[in-house]
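The sequence shown lines up with residues 161 to 469 when you count with this note's numbering.
These are computed hints drawn from the structure, not numbers from a lab.
Just so it is clear, CB atoms sit at the ideal spot from N, CA and C, and this is done for glycine as well.
Among these hints, one or two may not hold up.
[What the hints assert, rightly or not] Straight-line alpha carbon distances no greater than 30 Å define the calculated DSS-like cross-link-like pairs of lysine-lysine that follow:
#1 K260 to K299
#2 K274 to K388
#3 K414 to K274
#4 K291 to K260
#5 K414 to K290
#6 K388 to K439
#7 K210 to K290
#8 K290 to K204
#9 K215 to K260
#10 K344 to K299
[What the hints assert, rightly or not] Quick list of simulated restraints, FRET-style, between CB atoms:
#11 R400 to K215: 43 to 51 Å
#12 G271 to N211: 20 to 28 Å
#13 R263 to K204: 42 to 50 Å
#14 S289 to V203: 17 to 25 Å
#15 D340 to T440: 28 to 36 Å
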Amino acid sequence: MNSFPMRLIAAGAFVAMAAAATPAYAAAPAGDAVVNGSLDNGVKGWWASKNTPIKVTGGRLCAQVPAGGDNVWAAMVGQSGIEVRGGQTYQLSFEATATKTTRIRSLVQGGGTKPAAIVDGYPEVGGSSKKFTYAATAKVSDSEAQVLFQVGGADAPYTLCLDNVSLVPVHQSVVNGSLDNGVKGWWASKNTPLKVTGGRLCAQVPAGGDNVWASMVGQSGIAVEAGKTYRLSFKASATRPVKIRSVVQDSGSKPAAIVDGYPEVGTGSRTYSYQNTAKTSDQEAQVLFQVGGADAPYTLCLDDILLTD
161 MNSFPMRLIA
171 AGAFVAMAAA
181 ATPAYAAAPA
191 GDAVVNGSLD
201 NGVKGWWASK
211 NTPIKVTGGR
221 LCAQVPAGGD
231 NVWAAMVGQS
241 GIEVRGGQTY
251 QLSFEATATK
261 TTRIRSLVQG
271 GGTKPAAIVD
281 GYPEVGGSSK
291 KFTYAATAKV
301 SDSEAQVLFQ
311 VGGADAPYTL
321 CLDNVSLVPV
331 HQSVVNGSLD
341 NGVKGWWASK
351 NTPLKVTGGR
361 LCAQVPAGGD
371 NVWASMVGQS
381 GIAVEAGKTY
391 RLSFKASATR
401 PVKIRSVVQD
411 SGSKPAAIVD
421 GYPEVGTGSR
431 TYSYQNTAKT
441 SDQEAQVLFQ
451 VGGADAPYTL
461 CLDDILLTD
């Protein structure tokens, strides 16, 4: 089970904005579901496993993570009583540091006896403060969801510090990014058969091609607005390690990239995200996964494809 058995204190919040005046109380983002995500009010709203003491130090929520545990939920920091609405896309963001480089699990999950992940990410946290952002669409409404940082199974004790935690609703431009409706909204090059398998959009990528756009999976008719910052995020895995191009581009005769990334996709599913600000408005932009030029055939699978602003 992934959920903490006791609901100690209700509600939660992510990505709080930096304080500007004294006394410093950071303004929460509009619609933020997390309580006290800026940690201006001590540990109010937050709980932790008994084996994971927490306190606010230097304006950050710091947890003493123990070594050991058979799974990631053997040690947790969290907030309960989070309300999410089915069909709404949510963005979880936070800043984190750790006294040793380690990978943690950050997620929003539903209530119930078999809680399902709504937003899920596995950031690698190190000694320098870094902001992490993940997004996904809730499939069902839930008034008892949780924001969790699961840190069990560490090989040695360490301190994890969090700040500016937020969970906010965001606008999603991609149709059927969760793949609940089969391949609706998606197309692929003729040489790249496409189908939904196990809730993921899987493409049979051929070998060959003179360039990356010789084989593609995409969605057209995406509206973008000049001056807005867009974040493309998705989960991807492949039957062998490959580098692909993930791009949002305009519809001009010489298409220009709006958001562009070259993830190295491995056999384990992982979340990738890239962002940039649109320079011009376009009602017919495209989200593309360009996979041409492979030295051997492979299968690429995608899920939770989001373009948020």
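Hints versus structure:
1. Restraint check for K260 and K299: not satisfied, since their Cα atoms lie roughly 35 Å apart, outside the 30 Å limit.
2. Restraint check for K274 and K388: not satisfied, since their Cα atoms lie roughly 38 Å apart, outside the 30 Å limit.
3. This hinted pair does not check out: K414 and K274 have alpha carbons roughly 49 Å apart, beyond 30 Å.
4. With a CA separation close to 17 Å, the supplied pair K291 and K260 stays within the 30 Å bound.
5. Pair hint K414 plus K290 does not hold up; C-alpha atoms about 36 Å apart against a cutoff of 30 Å.
6. For the hint linking K388 to K439, the alpha-carbon distance of about 8 Å falls within 30 Å, and the restraint holds.
7. In summary, the hint linking K210 to K290 is supported, as the alpha carbons are separated by about 27 Å, within the 30 Å threshold.
8. Distance check on the hinted pair: K290 and K204 sit about 23 Å apart at the alpha-carbon level, within 30 Å; holds.
9. At roughly 19 Å between alpha-carbon atoms, K215 and K260 fall within 30 Å of each other, so this suggested pair holds.
10. As the CA atoms of K344 and K299 are separated by approximately 17 Å, the hinted pair is consistent with the 30 Å bound.
11. For the pair R400 and K215, the supplied restraint of 43 to 51 Å holds, since their beta-carbon distance comes to about 46 Å.
12. Against the hinted window of 20 to 28 Å, the Cβ-Cβ separation of G271 and N211 comes to about 23 Å, which satisfies the hint.
13. The hinted window of 42 to 50 Å between R263 and K204 is violated, with their beta carbons roughly 28 Å apart.
14. Taken as a hint, the range 17 to 25 Å holds for the pair S289 and V203, whose Cβ atoms sit roughly 19 Å apart.
15. In this structure the hint that D340 and T440 lie 28 to 36 Å apart at CB holds, the actual value being about 32 Å.
The structure does not agree with the numbered hints 1, 2, 3, 5, 13 stated previously, though it agrees with the rest.
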